[in-house]
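Chains A and B are the protein sequences, given in the same order.
When you line the first sequence up against the UniProt record's numbering, it's residues 1 to 144, in that order.
When you line the second sequence up against the UniProt record's numbering, it's residues 1 to 269, in that order.
Treat the hints with care, as some may be off.
What the hints assert, rightly or not - Negatives, chain A to chain B, calculated, CB over 10 Å:
1) Val32
2) Ala38
3) Pro41
4) Cys43
5) Glu48
6) Arg51
7) Glu56
8) Tyr87
9) Ala105
10) Ser111
What the hints assert, rightly or not - Here are some, though not all, of the chain B residues that point toward chain A, as calculated from beta-carbon distances under 8 Å:
11) Glu55
12) Pro58
13) Ala191
14) Lys196
It is worth saying that the hints were derived from the structure and are not from the lab.
Think of the CB as a built atom: it goes at the ideal place given N, C-alpha and C, for glycine as much as any other residue.
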Amino acid sequence: MAKATVMAILAAGLVMGAFAYAKAAEIKRYVVDGSQAAGLPSCVEPTERMRRMHMEFIKHQRIATVHQGIRDTKYSLAGCVDCHVSYDAQHSPRPINQPDQFCGACHRYASVKLDCFDCHAAVPKGLDGDQASRADGLTQGGGR
Amino acid sequence: MHRLHAPHNQPSGDESPAEAVATTRRALIGTAAGLGAAALVAPGVVLHTLSAQAETAPITNKSRWGLLIETDKCAEGCRACIEACDHEHGLDRQVPEGSPSKWEQQKAVWIRKVKLQDNQTGRITQLPLMCQHCEHPPCVDVCPTGASFKRADGIVMVDRHLCIGCRYCMMACPYKARSFIHHNTTGQLTAVPRGKGCVESCNLCVHRRDYGQDSTACADACAATGHHAILFGDLKDPESPIRRRMREIQNRQIREDLGLNTGVRYAGI
Ligand code: SF4
Ligand code: SF4
Numbered sequence: 001m002a003k004a005t006v007m008a009i010l011a012a013g014l015v016m017g018a019f020a021y022a023k024a025a026e027i028k029r030y031v032v033d034g035s036q037a038a039g040l041p042s043c044v045e046p047t048e049r050m051r052r053m054h055m056e057f058i059k060h061q062r063i064a065t066v067h068q069g070i071r072d073t074k075y076s077l078a079g080c081v082d083c084h085v086s087y088d089a090q091h092s093p094r095p096i097n098q099p100d101q102f103c104g105a106c107h108r109y110a111s112v113k114l115d116c117f118d119c120h121a122a123v124p125k126g127l128d129g130d131q132a133s134r135a136d137g138l139t140q141g142g143g144r
Numbered sequence: 001m002h003r004l005h006a007p008h009n010q011p012s013g014d015e016s017p018a019e020a021v022a023t024t025r026r027a028l029i030g031t032a033a034g035l036g037a038a039a040l041v042a043p044g045v046v047l048h049t050l051s052a053q054a055e056t057a058p059i060t061n062k063s064r065w066g067l068l069i070e071t072d073k074c075a076e077g078c079r080a081c082i083e084a085c086d087h088e089h090g091l092d093r094q095v096p097e098g099s100p101s102k103w104e105q106q107k108a109v110w111i112r113k114v115k116l117q118d119n120q121t122g123r124i125t126q127l128p129l130m131c132q133h134c135e136h137p138p139c140v141d142v143c144p145t146g147a148s149f150k151r152a153d154g155i156v157m158v159d160r161h162l163c164i165g166c167r168y169c170m171m172a173c174p175y176k177a178r179s180f181i182h183h184n185t186t187g188q189l190t191a192v193p194r195g196k197g198c199v200e201s202c203n204l205c206v207h208r209r210d211y212g213q214d215s216t217a218c219a220d221a222c223a224a225t226g227h228h229a230i231l232f233g234d235l236k237d238p239e240s241p242i243r244r245r246m247r248e249i250q251n252r253q254i255r256e257d258l259g260l261n262t263g264v265r266y267a268g269i
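One chain only, chain A, in its complex shape:
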């Protein structure tokens, strides 16, 4: 029993270690080539600040958007998705909240629930994309 527990803890530790290492190596994977983020040294704020504060940024801009109709906000969630989504072999975007994706992976790592994409599109569409989605009706998903 005790031995099994120790083994499990060790294994978990190894997995975590490997995960952190893989993360560092894979960070680049989460920036879409040619996107706005690809051309910037860091996101709309320095990376450290983004890690700690992104929910504050999003919270404030959502009030500007929903209540005041300001649509060119700096911290737009659609902006996160545009730059940080990844694409599968068929060039279809993968929902960004999936546990191995930009938002999803970090939230899983930090054990923080991610509710944004219960309502917001988790793949980039933008206005043009919306038009295309409307055209193809049901199918490939935003939400989850």
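With the hints as your guide, set chain B with the ligands onto chain A.
Same frame as chain A, now just chain B with the ligands:
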């Protein structure tokens, strides 16, 4: 429980200040409308310029958006406005869940066609009914969280970040305009986030407002069928087509006795 609140007899807040920023907005809308007109392909069908200019300044009360519905032009059996609305907001992207009957009863509806019959004369009236964008909205009065709110430009909507799904607003609305989302949603559009546990209703195509497009999906669709029963526009601009038309023909509010000063007006009832 539709006793509701006594009419608030405040002045309609028409000519308050805060015009400074509005000039930019107006200019902006002018530009965007010009773009739209350039893309006009057939009467009533406008190819929407997608990279339309995003709103950068807070909206003001310089405009009040509304609809004029000419019921005698609304054709029986036509569902063009409803379908266009479903399409515009991704309501038709919702995958049915549960039993078909339950789904039919519970799916979100932003426009309903109501058929009225005068029992005495047998005269039938078709009435597309959506959120009336009340100036004194009962839904906002009762909302415990501030999720139901009225924008400065008169559009009444739900801030889904704040909605707790209590549905007080649905009970308070005299027009049965609101829907509750019972199921997980998929395939939402970027411009129209929507999800389980929140109430929603017609928002006068608020994303189009904020990207400078001068129409609503329902009005466009109705015009495309040739019926032209729905006119969208600025109720505060005396020169807007909607105001001109409202001067020409008799029109009224539904349940005007409630004193809500609705932004949607009906002719022919
Ligand atoms: S019609 Fe109903 S939902 Fe719309 S503003 Fe009036 S009370 Fe609120
Ligand atoms: S359901 Fe949401 S919007 Fe309606 S009254 Fe409750 S909290 Fe407000």
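Here is what the structure says about each hint:
1. Val32: Its Cβ never comes within 10 Å of chain B, the nearest being 16 Å, so this holds.
2. Ala38: 20 Å, holds
3. Pro41: Correct as stated: the minimum Cβ-Cβ distance to chain B is 25 Å, above 10 Å.
4. Cys43: 19 Å, holds
5. Glu48: 26 Å, holds
6. Arg51: 22 Å, holds
7. Glu56: Since the minimum Cβ distance to chain B is about 14 Å, Glu56 (chain A) lies beyond 10 Å and the statement holds.
8. Tyr87: The claim stands: Tyr87 (chain A) keeps its Cβ more than 10 Å from every Cβ of chain B (closest is about 17 Å).
9. Ala105: 21 Å, holds
10. Ser111: 22 Å, holds
11. Glu55: Nearest chain A Cβ about 5 Å off; hint holds.
12. Pro58: Because about 4 Å separates Pro58 (chain B) from the closest Cβ in chain A, which is inside the 8 Å limit, the hint holds.
13. Ala191: Cβ of Ala191 (chain B) sits 5 Å from chain A, so the hint holds.
14. Lys196: Since chain A brings a Cβ to about 7 Å from Lys196 (chain B), closer than 8 Å, the hint holds.
Checked against the numbered hints above, the structure breaks none of them.
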